[in-house]
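Residue strings, one per chain:
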Amino acid sequence: KQEVTQIPAALSVPEGENLVLNCSFTDSAIYNLQWFRQDPGKGLTSLLLIQSSQREQTSGRLNASLDKSSGRSTLYIAASQPGDSATYLCAVIVNYGQNFVFGPGTRLSVLP
Amino acid sequence: DAGVIQSPRHEVTEMGQEVTLRCKPISGHDYLFWYRQTMMRGLELLIYFNNNVPIDDSGMPEDRFSAKMPNASFSTLKIQPSEPRDSAVYFCASSLGTGGYGYTFGSGTRLTVV
Numbered sequence: 001k002q003e004v005t006q007i008p009a010a011l012s013v014p015e016g017e018n019l020v021l022n023c024s025f026t027d028s029a030i031y032n033l034q035w036f037r038q039d040p041g042k043g044l045t046s047l048l049l050i051q052s053s054q055r056e057q058t059s060g061r062l063n064a065s066l067d068k069s070s071g072r073s074t075l076y077i078a079a080s081q082p083g084d085s086a087t088y089l090c091a092v093i094v095n096y097g098q099n100f101v102f103g104p105g106t107r108l109s110v111l112p
Numbered sequence: 001d002a003g004v005i006q007s008p009r010h011e012v013t014e015m016g017q018e019v020t021l022r023c024k025p026i027s028g029h030d031y032l033f034w035y036r037q038t039m040m041r042g043l044e045l046l047i048y049f050n051n052n053v054p055i056d057d058s059g060m061p062e063d064r065f066s067a068k069m070p071n072a073s074f075s076t077l078k079i080q081p082s083e084p085r086d087s088a089v090y091f092c093a094s095s096l097g098t099g100g101y102g103y104t105f106g107s108g109t110r111l112t113v114v
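Residue numbers (the working numbering), protein chains in the order written: chain A, 1 to 112; chain B, 1 to 114.
Watch out, some of these pointers could steer you wrong.
[Said to hold, decoys possible] Heads up, simulated DMTMM-like pairs for lysine to aspartate or glutamate below, C-alpha to C-alpha not over 20 Å straight-line:
1. 78/B x 18/B
2. 78/B x 11/B
3. 42/A x 84/A
4. 42/A x 44/B
5. 68/B x 30/B
6. 68/B x 18/B
7. 1/A x 56/B
8. 68/A x 27/A
9. 1/A x 57/B
10. 68/A x 3/A
11. 42/A x 56/B
12. 1/A x 11/B
13. 78/B x 56/B
14. 68/B x 56/B
15. 78/B x 14/B
Hints listed in this document are in silico derivations from the structure and should not be mistaken for laboratory results. Here the structure is a predicted model, which is why all the values come from computation and not from measurement.
Between the sequences and the hints, there should be enough to build the whole structure, so can you do that?
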């Protein structure tokens, strides 16, 4: 059974810092991997999707990497801003791409 | 498109009552997913549909839970009878095809059973 873990569970940083969020999964036979953002009381918003054949994806200040063989992904946030404060969830897509298995998330606070 | 629309946003009900949660997926999306989110268990997949047909309901916790998708633009998740341990945020999501592309979540329904 696929399991997804994320560390750290929570992170607090001053504005402007670069930071890395980590995601690990137990079964390397994944279809794709996706990072989501969840703001308090809201649904999830897709940030980056990495296909299993890719090593990384970039969008603005965000960069996500994928190492299938080691079962790891990282989300790098450059020059963090208070507006980045949210919970970030990693999800792997299994079962021929039909559904996600989510990690527990990392709660990020960026202090002004 | 207005995105995935869920109703109600909040629901407070008494134990033993029937609860119905509603979801309107994005037009043209052929997959619809129901999730439950709690502090203890995180985000769990309950059931998903493809072209209105239930594909995998192995995540539905008990027979008290049922889901239907009578047409491409509407789905319901019903809990009967409800129990306090069903209190959670229930999310609906839809996508076009597999692989996670265009995966869009609704804003969720916060259910409190007292």
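Now the hints, each set against the structure:
{"no.": "1", "hint": "78/B x 18/B", "result": "holds (7 Å)"}
{"no.": "2", "hint": "78/B x 11/B", "result": "holds (13 Å)"}
{"no.": "3", "hint": "42/A x 84/A", "result": "holds (15 Å)"}
{"no.": "4", "hint": "42/A x 44/B", "result": "holds (16 Å)"}
{"no.": "5", "hint": "68/B x 30/B", "result": "holds (14 Å)"}
{"no.": "6", "hint": "68/B x 18/B", "result": "holds (15 Å)"}
{"no.": "7", "hint": "1/A x 56/B", "result": "holds (15 Å)"}
{"no.": "8", "hint": "68/A x 27/A", "result": "holds (9 Å)"}
{"no.": "9", "hint": "1/A x 57/B", "result": "holds (16 Å)"}
{"no.": "10", "hint": "68/A x 3/A", "result": "holds (14 Å)"}
{"no.": "11", "hint": "42/A x 56/B", "result": "violated (26 Å)"}
{"no.": "12", "hint": "1/A x 11/B", "result": "violated (33 Å)"}
{"no.": "13", "hint": "78/B x 56/B", "result": "holds (16 Å)"}
{"no.": "14", "hint": "68/B x 56/B", "result": "holds (12 Å)"}
{"no.": "15", "hint": "78/B x 14/B", "result": "holds (15 Å)"}
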